[in-house]
Amino acid sequence: MERRGEVSRERLLEFFRDMLLIRRFEEKVEERFRAGELPGFLHVALGQEATAVGVCQALEDGDVIASTHRAHGHALANGTPPNEVMAELYGKVEGCSHGYGGSMHLYDVERGLLGANAVIGGGLPAIVGAALAFQMRREPHVALAFFGDGATNIGTFHESLNLAQLWRVPAVFVCENNRWAESTPAVQHMPIEDLSQRAVAWGMTSLSGDGQDVEEVHGLSLEALEHARSGRGPVFLLFETCRFSGHYVGDPQVYRDKDEPRALRDTRDPLDRARERLELSDEEFDEHDREVIEIVEASVEFAKNGTDPAPEDALKNVYADG
Amino acid sequence: MAELSYREAVRDALSRAMREDDRVFVMGEDIAEMGGSMGVTQGMLAEFGPERVRNTPIAEMAIVGTGIGAAMQGMRPVVEVMYEDFLTLAMEQIVNQAAKHRYMSGGQLTVPLTLRTQGGAGWSPGAQHAQQVEAWFVHVPGLKVVFASTPTDVRGLLWSAIYDDNPVVFFEHRTLYGIKEDVPDELEPIPIGRARVHRRGEDVTVVATGRLVHEALTAAEQAEQEGVSVEVVDPRTLQPLDEEAIVDSVKKTNRCVVAHEAVTRMGFGAEVAALVQHQAFDWLDAPIERVGSKFAPLPFAPIMEEWVVPHADDVLAAIRRTVQRDGN
Numbered sequence: 000m001e002r003r004g005e006v007s008r009e010r011l012l013e014f015f016r017d018m019l020l021i022r023r024f025e026e027k028v029e030e031r032f033r034a035g036e037l038p039g040f041l042h043v044a045l046g047q048e049a050t051a052v053g054v055c056q057a058l059e060d061g062d063v064i065a066s067t068h069r070a071h072g073h074a075l076a077n078g079t080p081p082n083e084v085m086a087e088l089y090g091k092v093e094g095c096s097h098g099y100g101g102s103m104h105l106y107d108v109e110r111g112l113l114g115a116n117a118v119i120g121g122g123l124p125a126i127v128g129a130a131l132a133f134q135m136r137r138e139p140h141v142a143l144a145f146f147g148d149g150a151t152n153i154g155t156f157h158e159s160l161n162l163a164q165l166w167r168v169p170a171v172f173v174c175e176n177n178r179w180a181e182s183t184p185a186v187q188h189m190p191i192e193d194l195s196q197r198a199v200a201w202g203m204t205s206l207s208g209d210g211q212d213v214e215e216v217h218g219l220s221l222e223a224l225e226h227a228r229s230g231r232g233p234v235f236l237l238f239e240t241c242r243f244s245g246h247y248v249g250d251p252q253v254y255r256d257k258d259e260p261r262a263l264r265d266t267r268d269p270l271d272r273a274r275e276r277l278e279l280s281d282e283e284f285d286e287h288d289r290e291v292i293e294i295v296e297a298s299v300e301f302a303k304n305g306t307d308p309a310p311e312d313a314l315k316n317v318y319a320d321g
Numbered sequence: 000m001a002e003l004s005y006r007e008a009v010r011d012a013l014s015r016a017m018r019e020d021d022r023v024f025v026m027g028e029d030i031a032e033m034g035g036s037m038g039v040t041q042g043m044l045a046e047f048g049p050e051r052v053r054n055t056p057i058a059e060m061a062i063v064g065t066g067i068g069a070a071m072q073g074m075r076p077v078v079e080v081m082y083e084d085f086l087t088l089a090m091e092q093i094v095n096q097a098a099k100h101r102y103m104s105g106g107q108l109t110v111p112l113t114l115r116t117q118g119g120a121g122w123s124p125g126a127q128h129a130q131q132v133e134a135w136f137v138h139v140p141g142l143k144v145v146f147a148s149t150p151t152d153v154r155g156l157l158w159s160a161i162y163d164d165n166p167v168v169f170f171e172h173r174t175l176y177g178i179k180e181d182v183p184d185e186l187e188p189i190p191i192g193r194a195r196v197h198r199r200g201e202d203v204t205v206v207a208t209g210r211l212v213h214e215a216l217t218a219a220e221q222a223e224q225e226g227v228s229v230e231v232v233d234p235r236t237l238q239p240l241d242e243e244a245i246v247d248s249v250k251k252t253n254r255c256v257v258a259h260e261a262v263t264r265m266g267f268g269a270e271v272a273a274l275v276q277h278q279a280f281d282w283l284d285a286p287i288e289r290v291g292s293k294f295a296p297l298p299f300a301p302i303m304e305e306w307v308v309p310h311a312d313d314v315l316a317a318i319r320r321t322v323q324r325d326g327n
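Sequence lines, in order, name chains P and E.
For the first sequence, the tail end lands on 321 under numbering that gives the first Met the number 0, and the numbers increase by one without skipping.
For the second sequence, the tail end lands on 327 under numbering that gives the first Met the number 0, and the numbers increase by one without skipping.
Honestly, the hints are just simulated from the structure, not real lab data.
Given the structure is predicted, the values throughout are model-derived calculations rather than measurements.
One or more of the hints may lead you astray.
[What the hints assert, rightly or not] Derived CB-CB ranges, DEER-like: (1) E/Q127 - P/A297: 55 to 61 Å; (2) E/P296 - P/Q252: 42 to 48 Å; (3) E/A269 - P/E192: 48 to 54 Å; (4) E/Q278 - P/R255: 54 to 60 Å; (5) P/R255 - E/P190: 55 to 61 Å; (6) E/Q278 - P/E30: 50 to 56 Å; (7) E/P190 - P/E59: 26 to 32 Å; (8) E/D181 - P/F40: 43 to 49 Å; (9) P/E59 - E/D29: 34 to 40 Å; (10) E/A269 - P/K315: 53 to 59 Å; (11) E/R199 - P/F40: 53 to 59 Å; (12) P/P184 - E/M303: 48 to 54 Å; (13) P/D250 - E/W306: 38 to 44 Å.
[Stated by the list, open to error] Incomplete in silico selection of chain P near chain E, CB under 7 Å: (14) H97; (15) Q252; (16) V253.
Cβ coordinates follow ideal geometry from the N, Cα and C atoms, glycine included.
Sequences and hints are given; from them, build the entire structure.
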């Protein structure tokens, strides 16, 4: 039987490597945070690697994306080098936001990352605007926003999707439904089970799939991007995914069953799925893993050896002409 | 030279920019067929078409945020927020997004967005259609704030706002839309950050914004008859602020009144007073006087509204207090 979105083994291996990189990167972030090396407020995307990679691998040059507070995976999947992401987490000049942003505000404009946003739903209207610019200039690009199920309750989500559909702008709205809004379960924050019903309200095309299956994510993303790119209007793209970790690094997760993360790891790990399809032997897996871990370790070294901004650099970049 | 109203001057700046530059477009509620609630964009739909004169749903977060995204992608959108009271609906987008994208990205992004809005009392709309909130935005690093008081200024400043690489919150005053003056045929951009001295004087400096510029000029004429020479300075842009123009004027007159229609408490005048006392302390002969609305929401009944907001008489009274102080 043909699987949804099936790709060549070579491509799938590429996806697998990208997901593994995010996994090891996020684990390293947790470790370095606990060691007291990382300032600020960190949110890792363990378990959500397939949505980041599947979507970003479907993007084309010139497309732009907006991310969320849980942004490391999106930035890495979109091509920002691990060194630059890690350096940002350490607050260094070499970071992708030059130390001005941090974990929740990763930017890489050259590669199309218009910013990770620490306000739930905060980045959605700008994605409509970016898509409008593409539409007005007749450029064949798509603007895409990542957000979680929690964001589908906020005003910017409703206003943005309404306007996007009204003006038929080339935008894709990717909902990573991990069924948690911080510590609040879906049952306490959504009156409906199937979030794709929200798209119905605007007459927007909606596609749904398994967010733990990177090939399926990729296939649906290609379909959504093609729909938007060809002028047929925006798409609501819904993926069921899961969060292995807490809301933030250090979250004691008093709000959920202690066994749940373990059970999710055992049954819904996107890396296991891809590994199975690739039929990787333990030796092959270990080799990829070693290479990825080396990249991550190198990123920590790069970040630690990075340049601290001067305190007074805080007054730069407030204005474009200042 | 042609005589233009303040309203026509705004339209003239928008239309000229749109004729010259495909990146410029306008969007907002009721701005297309209806020409905007204040008639500012009347006729623009016919000239520029619906793609560049865009009616929007009543959804301020999306309107402003869409402007932000288009600006980040290199357009120069001019978003109209129908009443400045409604800026509150888009506060998150203005304060957390527009103002900070450049900063949070470490200088990678620019947001050349112009956010036009209007307000002002004097027509009894009640508490949600006429307040003056410009000071709120001066408090936000990353935003520029403009408040023009004449047709010439509003035209030249709007042009500069459109071509500024930063988000600019551009305040117009409802009761000024009808005032007229001769303006040059050529549009001369007015740099953001430069005050205008409307009237030279020797005894008191009145720093006034928006409608109060005109009230201050009226008060200055009355003061003149009482033998008091008043200088009226309109900062025109509240952020950045032409501190030098204000301080230089006060060093000459030794007295200062600050006047705006917004409530006095925590108003723009407080910042001017702080600036003046710090930079011209030794020159001051009297406490700095502040003129603004009394600390209440705008009431509906005309008799109450009239009493709450400041007028020329209030400015004149403040001028008198400063000169009476040292026995003049």
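**Request:** Confirm or reject the claim that E/A269 and P/K315 have a C-beta distance inside 53 to 59 Å.
**Result:** 28 Å, violated
**Item:** Consistency of beta-carbon spacing, P/F40 to E/D181, with hint 43 to 49 Å
**Value:** 57 Å, violated
**Asked** Does the nearest C-beta of chain E fall within a distance shorter than 7 Å of the C-beta of P/Q252?
**Response** 28 Å, violated
**Asked** Quick one: are P/P184 and E/M303 within 48 to 54 Å, going by C-beta?
**Response** 50 Å, holds
**Message:** Checking hints one by one. Is P/H97 an interface residue toward chain E, by the C-beta closer than 7 Å rule?
**Reply:** 3 Å, holds
**Message:** A range of 53 to 59 Å was offered for this pair. Does it hold for the Cβ distance of E/R199 and P/F40?
**Reply:** This hint holds: roughly 55 Å between Cβ atoms.
**Asked** Hey, does the P/V253 contact hint survive, CB to chain E under 7 Å?
**Response** 29 Å, violated
**Asked** Quick one: are P/D250 and E/W306 within 38 to 44 Å, going by C-beta?
**Response** 55 Å, violated
**Prompt:** Given a hinted range of 34 to 40 Å, is it respected by the beta-carbon distance of P/E59 and E/D29?
**Reply:** For E/D29 against P/E59, whose Cβ atoms are near 37 Å apart, the range 34 to 40 Å holds.
**Request:** Confirm or reject the claim that E/Q278 and P/R255 have a C-beta distance inside 54 to 60 Å.
**Result:** For P/R255 against E/Q278, whose Cβ atoms are near 58 Å apart, the range 54 to 60 Å holds.
**Message:** Taking 55 to 61 Å as the stated bounds, is the beta-carbon spacing between E/Q127 and P/A297 within them?
**Reply:** 57 Å, holds
**Request:** Can you let me know if the beta-carbon spacing of E/Q278 and P/E30 is within 50 to 56 Å?
**Result:** Holds: the Cβ-Cβ distance is about 52 Å, inside 50 to 56 Å.
Consistency note: the structure conflicts with the earlier hints numbered 7, 8, 10, 13, 15, 16.
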